[in-house]
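**Student:** The primary structure of each chain is shown beneath.
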Amino acid sequence: MIEHAGHLPGLTRDEVRWRSVRHAAWRETVEIALPELDEAQAQALCARVRADARSRLKRMDVARIVAVIDEAIARLLDRQHPLRRKAEDLLPIVTGYDRETVRLGLTSYLKTFRRPQLQRFLAEDFSNPGMLDTFQPAAKGGFVRAYGPELLLHVWAGNVPALPLWSLICGLLVKAGTVGKLASAEPLMAGWFAGLIAEIDPELGECLAIVWWKGGEAAGEAAFLRAADTVIAYGSNATLEALRAKLPATTRFLPHGHKIGFGMIARTALDSRKAMMLARLAAHDVARYEQQGCYSPQLLFVERGGRVTPGEFARYVAHELAALAHRHPRRALSPEETASVAAWRGAQELRALDGGTELFGEPADPWSVVHVEKPEALNPTGLNRTLKLVSVDSLDAVPALVAPYRSYLQTAGIAAPPAELFRLAGRLGEVGVTRIAALSHMGAPEAGWHHDGRFSLLDLVTMTEIEHSAEAAAEGFAPYAD
Amino acid sequence: MKFRDRVILVTGASRGIGAAIAQAFAAEGGLVIVNYRENAQAAEAVVAECRQLGGEALAIAADVTSPEAVAAMAEQIGQEAGRLDVVVNNAFAPYRFDPDQRARFWETPWEAYGRQFEGAVKATYTVSLAMLPLLERRGGASIINIASDLVTRPSIPYHDYTTAKAALVGFSRNLAAELGPLGIRVNCVAPGLVCPTDASAATKEEVRETLIAATPLRRIATPTDVAGPVLFLASEWSGFITGQTLHVDGGLVMA
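As given, the protein sequences belong to chains S and F, one line each in that order.
Each residue of the first sequence is one higher than the one before, counting from 0 in numbering that gives the first Met the number 0.
Each residue of the second sequence is one higher than the one before, counting from 0 in numbering that gives the first Met the number 0.
Honestly, the hints are just simulated from the structure, not real lab data.
From a predicted model like this one, the values you see are computed outputs, not experimental measurements.
Each hint should be verified, as a subset may be incorrect.
Only pairs whose alpha carbons sit at most 20 Å apart, straight line, appear in this in silico SDA-like list of lysine to any residue [what the hints assert, rightly or not]:
id: 1; chain 1: F; residue 1: Lys203; chain 2: S; residue 2: Lys57
id: 2; chain 1: S; residue 1: Lys85; chain 2: F; residue 2: Asp197
id: 3; chain 1: F; residue 1: Lys203; chain 2: F; residue 2: Ala213
id: 4; chain 1: F; residue 1: Lys203; chain 2: S; residue 2: His325
id: 5; chain 1: S; residue 1: Lys57; chain 2: S; residue 2: Thr463
id: 6; chain 1: S; residue 1: Lys57; chain 2: S; residue 2: Lys273
id: 7; chain 1: F; residue 1: Lys203; chain 2: S; residue 2: His449
id: 8; chain 1: F; residue 1: Lys203; chain 2: S; residue 2: Arg326
id: 9; chain 1: F; residue 1: Lys203; chain 2: S; residue 2: Lys139
id: 10; chain 1: S; residue 1: Lys110; chain 2: S; residue 2: His325
id: 11; chain 1: S; residue 1: Lys273; chain 2: F; residue 2: Asp197
id: 12; chain 1: F; residue 1: Lys203; chain 2: S; residue 2: Ile199
id: 13; chain 1: S; residue 1: Lys273; chain 2: F; residue 2: Ile211
id: 14; chain 1: F; residue 1: Lys203; chain 2: S; residue 2: Ala342
id: 15; chain 1: S; residue 1: Lys273; chain 2: F; residue 2: Thr209
id: 16; chain 1: S; residue 1: Lys139; chain 2: S; residue 2: Ser126
id: 17; chain 1: S; residue 1: Lys273; chain 2: F; residue 2: Ala201
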């Protein structure tokens, strides 16, 4: 079976050149056909989306867009819907994640895009979301209206299923004509979602396109990069820098680079009962999508002085990871990933020779845990269920340990009493942490969160203000003026 | 290759726990009779899997509650294998483990109990009776019946299902007492919730999490977890064990 990826309004399947890519996992294979547009097609597609956005999308009320997204998400949440079934069938083969991980992950993620959550998104960034539809009175006087870009280009990365929907939906909410570039590692969900939108509201479906090109090579790439008003891009710093260099100076660029998540466990949380519970929650965060998300924990700082020592806690976490591997087997790793895990383990083993380091799990286990006694700065692990636990005398030492890596900071999971949570949060915020979550919630940001501390919708729009002077002056030109 | 040249019958082996048990025996070199009721395609897939694992396998369709069908199966095993060393009574009447939609006691008709008795006790009775002549041919035969830890700890009261499994445990003890003098051992394996299987698909995450939190080994059983203890009870390593119930639920039940 061949699954055609993307969503290309105005182009028939025969007009497009397709690149076939074979994915195999869990003893099944699937063939994905990715669209490769030539330069003229890319240009025409961008022009078409821009024109449709201008003439149609900009005239739609946000309420209508919200209703369409809500309906599309409802269909994807319906486990009997053909597309949902297809997603549960194909995404495990394409991404390698096990079926249960995909099924549970899809539901917990998709339900954050229902109407009430979308309204929360809007309310989070706009004091009055009506300003996306019409001019609204501003507190300082005058009127203000928000405009999304006419053409917003998303460059997605990674293999976390359905992750692109996040920025795709943000763009639609601000009425941006949308072109999204699929990530090769998960090239399906965004196109399916766009297809659903088109099915529910054909007019809205004309205002978005989902495409693909081979990064850095394809003829179409330059056309897409030239056409966009705003570009949201995900990936490593090297990828983002290369992309930025290709963009016209006037294009707004919103990069989201790689991050390193970490957790902090206070001694008060480490009693005989809660420690075991926390170990399980932490293991869930580690195993969720094999630490491929920007919010996944790679280190846990564990405070000494609780009934359960950091070393004992590490052992509990190790067992929970072993238990989780039965329910959610780790996906098969690529040779590079295997090498990365082995290299990390090797480095830890070497350090263990000096003492103060304990390594849990065998090289063949689908997880690795290391516990170190000496305070250690933030450092990436080998990913794919590899975790380091660092003992500290006080969690107050942690902000200084992570501060040098400001550009890599985003999510911290904290288990501590309220006063300590707020004290630590204040200091973590100073050094660049932008999101603090409970353990087990690190991988599931709440609806309306501020990705990398930025405003997801507000960053996309420009404001047009009618200053009070203009409004007052207009009165003088009115036919009813006395 | 613990079961090289041994013949093992696994009922209800086209999917779930039964399929995992069949494959585990095959991996130890056994000739596995993959019994199934309807899904021939799934049974053939299990057979293919067994062969790939280094064992031999044969799919035989038979409704295990039908004496005629089971007699025909015994006949076929006798002709094609000439012996039978192990019977694993794994098949059970269709049941949906759905804690949210389960019938409460006063909503459970007597007929529902009847159906589960048929599936658990009558099926085991019918198969054991029909296979007995084959099992008696050589020493060291073993019958393993799949019960449930719900008998000891009804975490969720599935009245009809669990009562039938409780009867199966009683049935097995009597059979153990009867067949011991003939050198045939009879034991039960009692798993907790097993995922993933078709029957447990409707058990929500919340229930699974609650069970995991109460389970010392901190997870839910997989079909493979059940296979190990079955193989142990089928082997001479358990040669002096009969009439017992082995719980396979990560320590949720300790009895």
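**Student:** Next step is simple, just say for each hint if it's right about the structure.
**Tutor:** How the hints compare with the structure:
1. F/Lys203 to S/Lys57: violated, 42 Å
2. S/Lys85 to F/Asp197: Roughly 18 Å separates the two Cα atoms, so the pair holds.
3. F/Lys203 to F/Ala213: holds, 16 Å
4. F/Lys203 to S/His325: At roughly 18 Å apart (the allowed maximum being 20 Å), S/His325 and F/Lys203 satisfy the hint.
5. S/Lys57 to S/Thr463: holds, 14 Å
6. S/Lys57 to S/Lys273: Violated. S/Lys57 to S/Lys273 sits at ~52 Å, over the 20 Å cutoff.
7. F/Lys203 to S/His449: Violated. F/Lys203 to S/His449 sits at ~31 Å, over the 20 Å cutoff.
8. F/Lys203 to S/Arg326: holds, 14 Å
9. F/Lys203 to S/Lys139: violated, 52 Å
10. S/Lys110 to S/His325: violated, 26 Å
11. S/Lys273 to F/Asp197: Violated, at about 34 Å.
12. F/Lys203 to S/Ile199: violated, 30 Å
13. S/Lys273 to F/Ile211: holds, 15 Å
14. F/Lys203 to S/Ala342: It is violated: about 39 Å lies between the C-alpha atoms, which goes past 20 Å.
15. S/Lys273 to F/Thr209: The hint holds at about 15 Å.
16. S/Lys139 to S/Ser126: holds, 13 Å
17. S/Lys273 to F/Ala201: Violated: S/Lys273 and F/Ala201 sit about 30 Å apart, past 20 Å.
Going through the hint list in order, the structure does not satisfy hints 1, 6, 7, 9, 10, 11, 12, 14, 17.
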